[in-house]
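Novice: Here's the letter readout for the chains.
2 protein chains.
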Amino acid sequence: MCLDRIRNKDLLDRVCSPKEAAMLIKDGMNVATSGFTPSGYPKAVPMALADLVKETGENIKINLYTGASVGEELDGILAKNNLLNKRLPYQTNESLRNSTNNGNCEYLDMHLSHVPHYTKLGFLGKINVAIIEAVAITEEGHIIPSTSVGTSPTYIQMADKIIVEINTSQPLELEGMADIYMPKKPPFTRAIPIMMPNDRIGTYSIPCEIDKIAAIVVTDIKDNVRPLAPIDPISEKISHNLIEFLEKEVESGRLTNELLPLQSGVGSVANAVLAGLNNSSFRNLVCYTEVIQDSMLDLLDSGKVLFASGTSITPSSEGLERFKENIKYYKEKIILRPQEISNHPEIIRRLGIIALNTAIEVDIYGNVNSTHIMGSKMMNGIGGSGDFTRNAYLSIFTTPSVAKNGAISSVVPMVSHHDHTEHDVMVIITEQGVADLRGLSPKERAKCIIENCSHPDFRPLLRDYYNHALKNKSKHTPHTLDKALSWHTRFINTNTMHVD
Amino acid sequence: MCLDRIRNKDLLDRVCSPKEAAMLIKDGMNVATSGFTPSGYPKAVPMALADLVKETGENIKINLYTGASVGEELDGILAKNNLLNKRLPYQTNESLRNSTNNGNCEYLDMHLSHVPHYTKLGFLGKINVAIIEAVAITEEGHIIPSTSVGTSPTYIQMADKIIVEINTSQPLELEGMADIYMPKKPPFTRAIPIMMPNDRIGTYSIPCEIDKIAAIVVTDIKDNVRPLAPIDPISEKISHNLIEFLEKEVESGRLTNELLPLQSGVGSVANAVLAGLNNSSFRNLVCYTEVIQDSMLDLLDSGKVLFASGTSITPSSEGLERFKENIKYYKEKIILRPQEISNHPEIIRRLGIIALNTAIEVDIYGNVNSTHIMGSKMMNGIGGSGDFTRNAYLSIFTTPSVAKNGAISSVVPMVSHHDHTEHDVMVIITEQGVADLRGLSPKERAKCIIENCSHPDFRPLLRDYYNHALKNKSKHTPHTLDKALSWHTRFINTNTMHVD
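If you're matching them up, the sequences are chains A and B in order.
The numbering of the first sequence is the working numbering, which starts it at 281 and goes up by one.
The numbering of the second sequence is the working numbering, which starts it at 281 and goes up by one.
Keep in mind that the hints were calculated from the coordinates and are not lab data.
All clues given are correct.
No copy labels: a pair is met if it fits in one copy or bridges any two.
Think about it this way: if two alpha-carbon atoms lie no more than 25 Å apart in a straight line, the pair counts; the simulated DSS-like pairs of lysine-lysine are:
no.: 1; residue 1: Lys366; residue 2: Lys727
no.: 2; residue 1: Lys366; residue 2: Lys400
no.: 3; residue 1: Lys604; residue 2: Lys584
no.: 4; residue 1: Lys755; residue 2: Lys341
no.: 5; residue 1: Lys657; residue 2: Lys763
no.: 6; residue 1: Lys727; residue 2: Lys753
no.: 7; residue 1: Lys341; residue 2: Lys727
no.: 8; residue 1: Lys763; residue 2: Lys751
no.: 9; residue 1: Lys753; residue 2: Lys763
no.: 10; residue 1: Lys753; residue 2: Lys366
no.: 11; residue 1: Lys341; residue 2: Lys753
no.: 12; residue 1: Lys528; residue 2: Lys464
no.: 13; residue 1: Lys406; residue 2: Lys341
no.: 14; residue 1: Lys306; residue 2: Lys441
no.: 15; residue 1: Lys584; residue 2: Lys608
no.: 16; residue 1: Lys360; residue 2: Lys723
Build the full structure now, drawing on both the sequences and the hints.
Specialist: Rendered as structure tokens:
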């Protein structure tokens, strides 16, 4: 059985059922898994754990650490069965989101580059068990990751015990796509030798002490990838505005039409942006990003993008077929790195990344909220947007100017939660236009954002807020604090930010 | 005259009066200067500019870019005479602060590592004139900086014209203390080869195209260094709490008692912290920081600190004498780097810096305000605190738990301005105690900060706010938005955050 996937014969007697593996997980444990937005995460063992708890009635609550978002078979099942005490660092699952917002699950929203770093430094406690999806285990016991690398290398290094889920639905040809490099802890850290996005600096497989592999489960459950919505006209207009902005940077001589390496967040606006690039005049592009989705495969196919570095590949089921058929081609064009490296400040600053991320709301002074609805409700998390924004060559945020059919303005007097501060946000783009904030003072930014990015329905109200605040005594960042969050409280009370 | 300081004879005919040099500065220009917190800044030319404008009645407004804060002879004189249109990136001068807050001068508060980076990338416009204080100009026309390096290397590289202020009050023996290294722009950037805080990677002098030197002024006006207040009992208690926290990290095995390289902000609390280290059990310490003040000289003298890397040296007048007397000793122990390197994310992350910075206020979820009083009034600026915090091994913020004789709580429901977000702040320390936020969810952080850091006079009010917010529907980051900033509005209206 699976000798091409379990290549060390001594390991064969550790193959067991998902249920037997799940029995290694005890109440109060820190359980770390593979998986990144949502691909390459373990499925059989968490489902078996939920079944086991239902069967035995045992009271089990674990702290679940992943790479980023994972699918229903992990986050969904565990949240629905109330098995999660704490979860980090990013999620997109509805059941988990509900669990977080109703107070059942503590959720820690971290920069993705911090996760492996903090784990290694011991800041997140001991990793009792790691559950890692793999396409194979090598003769030496090293683990070949499936569609995501994420934090798996560090979790494997730090865990007491490891459960490997060999997933036969994941093509064995993924072997060779990963590039595993793990910086040492300070004071022994050295320069990470990536000078170009396509530099390979590590190994195909994740080093693992063979004796720590406590259980191996074989499964063929597929990644549960969310379908992307078709591109709507608003996203298309945002993409158009972005491309026009980048064209002006080329005209000014600050960029060439090969641009610089691109990072792109996920979601429908991000998808539209990538689609827009395919029709742009830019050429020989490269990407240094987190997630490689269908739109990136399109760009690789068309030759518009020469190369893409990421930490996970998340194709749709259609995309996965295309990927499998041309896997040799894509292996030349794609590297999957640990998220410590894909999101590393050193590399992002060195390569000069153009960072494209989406905002939930922005304020008139250029602060960005990426995570919270009305200040308290967690949406997904900051993901890698902070890693990239803070160290980018250009940090760009996109958002439609209104949400909820026009009831919510995405441009507000003060954001209800701050994920990216005025110090880090260079450009804001909505379907209305572009606010280039580089070199602007707070007052200059306010005018620029209100006039270029806000929706005309809310623009007069924003001008009123700003002009009224300007009359206060302190005029560096004019605010009237008892009105600063009044748009949000109005929405909470009346379901609209409009004044009736 | 000054042949040891102006070593290229062809340059001697460019020596002129401060007034002649000042005439190179025209209305609307971007003028960039040396100077960092506040040392090594030009003095004679800005004072002459102010006199010139008084004399001619000419309408001159310039945009002034520095390294960080500079003294009265630059910021003060220009602000008082209303010659500033815009100023970046950090200041501590009262006249300039007033000018910023009454709306006369636009002020752009930037991460200090971003200043040279953005300048080089062309994001801050053209540099028309750079005014650089130097101890000497070499035979090749290269510039030997005085007590600060700051952004001078980049300003010199990018400026159309350069005015050099040779300051004979600055000892010529400073030559050899600077280490000038300038990363290339992407995509040509390579790894910065600093692996240890004391690695020298560059040159003693700043490369300069000799033809760009348009004027040389000789002066002996001394740096106008602010005296530090004596250490008060509150700062001493904060220092004690910090050292106890670090001792626990050593006990846990996460640090050795050589710690990791230390960065320390400036000010009286920072001063107390450094003084506290001198009496601690830690040994063989190294510092990788921005500003080297008297307390650092003490640590070097006692042998507690083996080595210090910074971007400026700012001794008191007493300290300056000590420094001058032992300059050969200190030159073995101190390197002054460009602020692009002293504050570079790549190096900070690699070296594993312990970052110690001060907060104006913190909130119950771990967000930090370093810059604004009551949301609108600029104090000094973010300085390097963001550069270090975001990439640190340990990011620590200190603040007394109350301000204004107890009228203001430094722990509030929501900070009135966000400079460092919940994602970046690991530890908060007041004289009351230590909140170690690593691995904690927002609700866990709230309890930890309220119970450990807030002042007992405000603790019940903070508990009330939190417990009330917990009753709202969304419980990830519990807030009641119409009350979140009410402590600040109460202070604005009644001069106290206390409820009567």
